[in-house]
Amino acid sequence: MGTAVITQASPKYGPPTDQTHAEITRDVVATLDTAPRGYYYLIFACVGCFLVGVATFIALLKEGLGLAGYQPPIMWSVYITNFVFWVGIGHAGTLISAILFLFRAPWRTAVYRSTEAMTVFAVMTAALFPIIHIGRQWIFYWLLPYPNQRYLWPNFKSPLAWDVFAISTYFTVSTTFLIYGLVPDVAAVRDKVTGWRKFVYGKLSLGWQGTNTQWRHYSRAYLYLAAFCTPLVLSVHSVVSWDFAASLIPGWHGTIFAPYFVAGAIYSGVGMVLTLLIPLRKHLKLERMLTEYHFDNLAKLTLLTGTILFYAYGMEYFVAWYSANTFEQTTFWRRLFGPAWWAGWSMVIPNAFLSQLLWFRKIRTNLTALWVISIFINVGMWFERYVIANALGNDYIPWAWDQMNPTWADWGMLVGSFGWFGMWFFLFSRSFPVVAIQEIKEFVPMPMRGKRAGAKAAAGAH
Amino acid sequence: MAERMVPGVLGHYEHMDAALETIEAFRTQGRKDLVVYVSHPNHEIEHALHEPISPVRRVTLVAGLTGTTAGFSLAIYTNGLDWPLLVGGKAPISPQAFVVLGFELTVLIGALSTVFAVIAFSFLQHRKGVLYDERFTDDRIGIFVPSAGAEQDKVASLMTEIGAVEVTRA
Amino acid sequence: MAENTTMTTGTGLDRRKFLTVLGATGAGAALTGCSTDRVAKLIPYGTQTEDQVPGIPTWYASTCTECSAGCGLHVKTREGRAIKLEGNPDHPVNAGKLCHRGQAGLQGLYNPARIKGPMKKSGAGFAEITWDEGIKLLADQVKAAGGAFAVVSGGPRGTFEQLLRAFAQQAGGSVTKYEPFDHEPVRLAHQAVFGRDEVPVVDFAKANYILSFGADFLETWGSPLEQQRGFAASHGFDDAAKGMAKHVYVGPRLSLTAANADEWLSTTPGAEAAVALAVARHVAEAKGADAGIRSALATYTAEWAAKESGLTAKQVDEVAEGFAKAKAPVAVAGGIGAQYANAVELCSAVAVLNAVAGAIGTTVRFGQDAVQGDGAAAILALGAKMASGGVKVALVHEANPVYALPKSTGFAAAFAKVPFKVYTGQFMDETAAACDLLLPNHHALERWDDVEPRAGVQGLLQPVMEPVFKTRHTGDVLLAAGKAAGYALPDAADFHAHLEKTWKARLGGGDPEGAWREALAKGGRYAAAPASPALRANPAAIKYTAPAKAAEGEYVLLATPSSLLHDGRGTNKPWLLENPDPVTKMTWRPAIEVHPDTAKLFDARNGEIIRVETAAGAIEAPVVLYPGIAPGVLSMPLGWGHTAYGEFAKDRGANATDVLAVAKDAKFVAYAGQSVKVIKTRGYQKLARTEGTPRQLGRHIAEAMPAAHAAKGLSVKESYLELGGHTHDINPEWEDKAIEGWYETQKEMRVYGEGNNYAGEHPAWGMAVDLSKCTGCSSCVTACYAENNLPWVGEEQVLRGREMSWMRIERYWEGGEGGKALEARFVPVMCQHCENAPCEPVCPVYAAYHTTDGLNGQVYNRCVGTRYCSNNCPYKVRYFNWRAYNRWAWPEPMQLQLNPEVTVRGRGVMEKCTFCIQRIRQAQHDARLEDRKLKDGDVVTACAQACPADAIVFGDMNDPESRVRKIKATNARRYHILEEINVKPAVTYLAKVVNVDPAHLAEGGHA
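Protein chains in written order, with this note's numbering: chain A, 65 to 526; chain B, 96 to 265; chain C, 151 to 1157.
These are computed hints drawn from the structure, not numbers from a lab. Ideal Cβ positions, reconstructed from N, Cα and C, are used throughout, including at glycine. Errors might be hidden in some of the hints.
[Unchecked claim] Okay, the calculated beta carbon distance ranges per label pair:
{"id": "1", "chain 1": "A", "residue 1": "Tyr-210", "chain 2": "B", "residue 2": "Lys-223", "range": "39 to 47 Å"}
{"id": "2", "chain 1": "A", "residue 1": "Trp-405", "chain 2": "C", "residue 2": "Gly-863", "range": "41 to 49 Å"}
{"id": "3", "chain 1": "A", "residue 1": "Glu-127", "chain 2": "C", "residue 2": "Lys-270", "range": "53 to 61 Å"}
{"id": "4", "chain 1": "C", "residue 1": "Glu-890", "chain 2": "A", "residue 2": "Ala-123", "range": "33 to 41 Å"}
{"id": "5", "chain 1": "A", "residue 1": "Gly-102", "chain 2": "B", "residue 2": "Arg-264", "range": "46 to 54 Å"}
{"id": "6", "chain 1": "A", "residue 1": "Phe-263", "chain 2": "C", "residue 2": "Tyr-1010", "range": "48 to 56 Å"}
{"id": "7", "chain 1": "C", "residue 1": "Lys-970", "chain 2": "A", "residue 2": "Asn-469", "range": "55 to 63 Å"}
{"id": "8", "chain 1": "C", "residue 1": "Glu-890", "chain 2": "A", "residue 2": "Val-118", "range": "25 to 33 Å"}
{"id": "9", "chain 1": "A", "residue 1": "Val-118", "chain 2": "B", "residue 2": "Arg-264", "range": "54 to 62 Å"}
{"id": "10", "chain 1": "A", "residue 1": "Phe-263", "chain 2": "B", "residue 2": "Lys-223", "range": "12 to 20 Å"}
{"id": "11", "chain 1": "A", "residue 1": "Tyr-210", "chain 2": "C", "residue 2": "Glu-770", "range": "55 to 63 Å"}
{"id": "12", "chain 1": "C", "residue 1": "Val-1009", "chain 2": "A", "residue 2": "His-317", "range": "23 to 31 Å"}
[Unchecked claim] Below, simulated DSS-like cross-link-like pairs (lysine-lysine); rule was C-alpha separation at most 30 Å, straight line:
{"id": "13", "chain 1": "B", "residue 1": "Lys-223", "chain 2": "A", "residue 2": "Lys-262"}
{"id": "14", "chain 1": "C", "residue 1": "Lys-266", "chain 2": "C", "residue 2": "Lys-464"}
{"id": "15", "chain 1": "B", "residue 1": "Lys-185", "chain 2": "C", "residue 2": "Lys-266"}
[To be verified] In silico negatives: residues of chain B with every beta carbon more than 10 Å from chain C:
{"id": "16", "residue": "His-107"}
{"id": "17", "residue": "Arg-126"}
{"id": "18", "residue": "His-142"}
{"id": "19", "residue": "Glu-146"}
{"id": "20", "residue": "Thr-161"}
{"id": "21", "residue": "Val-182"}
{"id": "22", "residue": "Lys-185"}
{"id": "23", "residue": "Ile-214"}
{"id": "24", "residue": "Asp-228"}
{"id": "25", "residue": "Asp-234"}
{"id": "26", "residue": "Pro-241"}
{"id": "27", "residue": "Lys-249"}
{"id": "28", "residue": "Glu-256"}
Only chain A is shown next, with the shape it has when bound in the complex (with noise of 0.2 Å):
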């Protein structure tokens, strides 16, 4: 990625406020003409990957989950790893279009387009994966309430079908809220593009015209959704947490499961919008809508989020400690110190410590820096979730006991996952905007001409 420097840091600490609305809608508009070659050499790369993984599901079809590595009593592993993770990098996208959107704050409007987009993708990715992990993939409708002449009912006292709502009501929302953002802005593209492009922006954009009819109620819809988007950012990741916190295995049902995994989720999502968006902002030159400040901000939401973590773990072994519960003790020994103990502080190491860089402005504002913790971050949460799949292997009867061990099943799915979530991410970045004109320009003021009276003047004239 090399060593960006911030080209056009604003004058004033805040948002960009040097271009005029014609740059703007320029600017974004110049990201999706004809992209490079390395471009479609990227997207390749990911449907190949994802092809990876398309095989790997097909051959788990044919010959059972038994070609992953779960060693019993380790029931659930990789898989569940990878729908957790992917769940929580869908979090900070929520988070910054939403819930910044209530506390109206300015850095959000140019990054928040493209952490939703993150968002809708990696809950399409995560979504495959409860699918994925279970024994009869072929019947999982069954856990859907669907009127059936067996009168068969799906349980809801199990977190598992609150997960299905949870999961596809995030999606559902989430998606429609990114489309609706996007109406606009692709009107705006109508506008400027021309021959076939023109026509589907134009189907695109359902006929929006920016009149004030439109406006009036488009803004206050906005402003529902985002109130709907909060609370959904909350508790879509803690039904997750329940999961497991709903269990009664050590090391797994802890009170502050909910709290500790929205934090993790929005880590790392946050973490993955750095990873996606410095070489993004380079590759379609948004340097001057992208600024120090922005990323400034997501660094700073990443040290919080990364210091409730640290919290978060501090705080489990304590209570293990404290409850004098055996079983709560030997579970969180053996995190850091048995047999699995390189998962334990690959986990530790990212989110608790590498985090606290970032008290530093100086790393917070270096994009080189900030890029490479990113990818420590992505690398910790992911293990996160593994480590906390393993507590399986040591829990009440310890003659049960073994140790989760991956085959090529397990990583071909986390690939495939890999490819298919790129995919999806790239395309969209060049084909739709992934900064929101409406919303910058909204900062942007439009020229004022100054006293009416020299209107009357330039009127007389005439």
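Assemble chains B and C onto chain A, guided by the hints.
Okay, now just chains B and C, sitting in the frame of chain A:
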């Protein structure tokens, strides 16, 4: 344009205050049928037009509450009444466990209905054949005043006087 | 219908009446049977045969031939297929119980490696021939041999054996009976001490002090199942009044038998005799034996024995005093795993000890002559004769000497020299492969036969189904061949007729037909055991030669028999391969047991392959670190390393006998005491062990208490505290408070609403497991495999911990470090059917739910395989079908054994112990038909039925009369595993009772 055009005058503005002044001017004439085009949500214009708050909020409220009820009743009916099975020694109806379902359906139905409401209110009611210019989604503000015949001259001259950079008629 | 099902539960009488019918018509039943190569069309029963009702099991009485003990069988058949073997309650040897080897007999019956028809050697392989050709060939060859004819038979004593002898004698040859584990030292010793070449019958039930010198009487020594029953009866704790026997085991290896001892005295291998002599001396003095004996024993003091054996004089004295004081003491020796060069001296010493202790005639009874084979000397002599070309035609019947005899004896080579070799066994084993003519015999469940394991016990075998393959009863073959050769053999159409005639003559009486039916129904004829003669010990027999120490830098090897594979005849049965070894918990492969300290010497870790070398040969096998073996000693299980015997057995591990240097004129094979070189190789073999972590980590899973506390009626907790434990509770107080009452409040809320079917009266099924009786023998595990169609998953899957054993025996170590005695504790763990089952609420599709009668139901059809239930199961007793095990666990024709009452689970679903719900429903169904209430004992789960120790009790906890309820309500030793997590399991455990002084325990650190 093939369709029958709404007769009227469309003024282009590059400057916010000019646009606002125009709106003000026509409102003082008692006109309520202005169509204002702008590329981004703009509160000054909203205020200038003195528009009522969008009715979308009622839809959102009702839909949200419907979702909550739907969630709880689905869980209670299926798990408690239609097919009561004992699991983990818990009561067939354990409200705590059903909270998630209630919440998720609130959000789902609430959000979707809101969007449909917007479509219904703004897109479907949107008047066809009104003059439009592509630059309105870029950096210009447009004000369309439905008018015909001689009236159009008055409107046009007022617009240019206040500072329209361009005036078109239909 | 009604009477049919009384088979499972009803009283002895109507069973008898019922089986009479079956007995007489057994042959008729065979016609309706099925066999793989003849199922062309499916034809419904047009006219019912009198004993076959589709959907209703039919039971036949028969006898087990898996080892020489001759246990009685009840064979369950459905639509003409044998699907389960259970013990015959009428039989004096096993009284309704059956060991894992006996139950696995089914996998012999349906074994793909059986010889499918008569065959003749052609080139490298065999060519199919017709039976007429085969018989003609046999007759011609035997005639041509002109007296140079020899028979090796592994078959049991009985009518067939007489026929075989007659045939051999007519042909001018003789029969050599061969049984690999033949207890020759015992017989030689008794010859020397009492002048009787005999293996006595030991009554463990009567004994109250059991002293075993390497005799693994719970595994392979003598009549294991009978002895397990006896041991459980005397050593199991019922009440203070009865008390319990003390069991001390002397020997270098902690075998299953040793693991069940109250004290294990680990001696230097081969020095057991010294201890025996010292004890004998003390007892002789204490009980005032005659002068000859006393003087003969005079020199063998405790101090001397201590020096010899590596024990302390104090230990020896304690044992001696205990033994001398005991009312009904018994000492046993002569185990295969302790068959040292000086085994005869050991057995003599023990014989003398029994004599001076007055055990002869009470706990040790002679005159029943449980001898089976002619001993190693005989077979080796025959081998020599073969080598010298003295045998032209050899016939091997139901024996595998080519595999079982160590290479160093050269038997295999000698056998190969015989010009024409005939084999009349069932399996394509090493011996069969070396033969020229294969005339496969019926399996025991397909043929008429009888067995006389010992004087007074005569068991009958009857065909329970049509032969699976084109085999033929060797009796019929001999009769036909004899006729062809013009021999004077009993005049009978076939062996069935001959047998029936013989038996009717034997039974005599006014109504021989009735008597014959009666005998068939009972499974044989059981006369009272003859009185044991008074015997005087001969002092001259008292000798002691110190065991040869291992050469410098070498180690002592014990080739120990496996209770699962016996002498290797079990190795072709997946049920026995996947059922882990009771003590090492190894599956599918042998490993050399090495003490961790010893392993350090040649720097070997678990699974690292070492090479064991002697002059006789070398073997390679992985190391398993095993605390239960004396330092400097290696132990390798027998029965592995087959070169034939079917796909399951072939090329699996190494054969320990390959390194045994046995003289060609040996009187017995010294399986123990071989001095071996050890070389560590680069090889590694991951061990397919079912053991996770063998320590309890203070979680109170396998509880134990000293006998004194049990007698005082202390609870587990009280005993623990009395022994100096600080706190027995895992939960802090606040945690207990928090869960207090939750269960009751929920219970009230449960009876809710109109449609709720949980209101009202229901049984509540529960189980109690008495750890003071459980020996960890693992018969219950095999019973579960057979009853519930559990798939075996194979070594690769076991390596991933995916074995499907609904019932597993956990073996925890206590002590063994810091000077504390090593103790093994066995806990059978199956689904606990918790009332607050954590597995249920987490299932998103209600596949796991609670039935009205308190069972933890698992609906396979509904299961989508989220596996959350298993995650949330604190006992980890749920098993997932990771692969399509159902596609590989029953290769043709094994699928014929499947129990039609139980679903075969497909890939991707969770399964677990159901408390044998099919048996529960069957019993309820029968009760309804008989219009009566279900009574205690109507429902017997497969595990409880099989348990030789009667350690498992099953019943309705709501029935005030039920045994299980009484135990749960009153027994002081009761406890639940993981009680503190408030899941309310339906399985109650009764703490193990250790018969040692509490004071010693406190410092020895139990519980």
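Hints versus structure:
1. The hint said 39 to 47 Å for the Cβ distance between A:Tyr-210 and B:Lys-223, and at roughly 41 Å that hint holds.
2. Between A:Trp-405 and C:Gly-863 the Cβ separation comes to about 47 Å, which falls inside the hinted range of 41 to 49 Å.
3. A:Glu-127 and C:Lys-270 have their C-beta atoms about 42 Å apart, which leaves the hinted 53 to 61 Å range violated.
4. Checking the proposed 33 to 41 Å range against C:Glu-890 and A:Ala-123 shows it is violated: the Cβ atoms sit about 50 Å from each other.
5. Checked against the hint of 46 to 54 Å, the C-beta distance between A:Gly-102 and B:Arg-264 comes to roughly 50 Å, which is consistent with it.
6. For A:Phe-263 and C:Tyr-1010, the hinted distance range of 48 to 56 Å is satisfied, since their beta carbons lie about 55 Å from each other.
7. Between C:Lys-970 and A:Asn-469 the C-beta distance comes to about 34 Å, which lies outside the given range of 55 to 63 Å.
8. A hinted range of 25 to 33 Å for the beta carbons of C:Glu-890 and A:Val-118 is inconsistent with their spacing of about 53 Å.
9. Distance hint check: the CB atoms of A:Val-118 and B:Arg-264 are about 59 Å apart, consistent with the given range 54 to 62 Å.
10. The supplied range of 12 to 20 Å is met by A:Phe-263 and B:Lys-223, whose beta-carbon atoms lie about 18 Å from each other.
11. Checked against the given bound of 55 to 63 Å, the beta carbons of A:Tyr-210 and C:Glu-770, roughly 59 Å apart, stay inside it.
12. For the pair C:Val-1009 and A:His-317, the beta carbons lie near 26 Å from each other, so the given range of 23 to 31 Å is met.
13. Proximity of B:Lys-223 to A:Lys-262 is assessed by CA-CA distance (about 19 Å); at most 30 Å being required, the pair is judged to hold.
14. About 61 Å separates the Cα atoms of C:Lys-266 and C:Lys-464, which puts this hinted pair outside 30 Å; it is violated.
15. With a C-alpha separation of about 57 Å, the suggested pair B:Lys-185 and C:Lys-266 falls outside the 30 Å cut-off, and the hint is violated.
16. B:His-107, annotated as away from the interface, keeps every beta carbon of chain C farther than 10 Å; the closest lies near 60 Å.
17. Even its closest Cβ contact with chain C, about 60 Å, leaves B:Arg-126 beyond 10 Å, as expected for a residue assigned away from the interface.
18. With a minimum CB-CB distance of about 52 Å to chain C, B:His-142 clears the 10 Å threshold, and the non-interface call stands.
19. Against the 10 Å criterion, B:Glu-146 stays outside the reach of chain C, whose nearest CB is about 48 Å from its own CB.
20. With a cut of 10 Å on Cβ distances, B:Thr-161 stays outside the contact zone with chain C, its closest approach being about 25 Å.
21. Residue placement check: B:Val-182 does not keep its beta carbon more than 10 Å from all beta carbons of chain C (closest about 4 Å).
22. Not every Cβ of chain C is farther than 10 Å from the Cβ of B:Lys-185; the closest lies at roughly 6 Å, contradicting the non-interface assignment.
23. Non-interface call for B:Ile-214 relative to chain C: holds, since the shortest CB-CB distance, roughly 35 Å, exceeds 10 Å.
24. Chain C leaves B:Asp-228 outside its interface by the beta-carbon criterion, the shortest separation being 56 Å against a cut-off of 10 Å.
25. The beta carbon of B:Asp-234 sits about 54 Å from the closest Cβ of chain C, which is more than 10 Å, so the claim that it is off the interface holds.
26. The Cβ of B:Pro-241 lies farther than 10 Å from every Cβ of chain C, with a closest approach of about 59 Å, so its non-interface assignment holds.
27. In this structure B:Lys-249 is separated from chain C by more than 10 Å, as the shortest Cβ-Cβ distance comes to about 70 Å.
28. Once the 10 Å rule is applied to beta carbons, B:Glu-256 is consistent with being away from chain C; the minimum gap is 70 Å.
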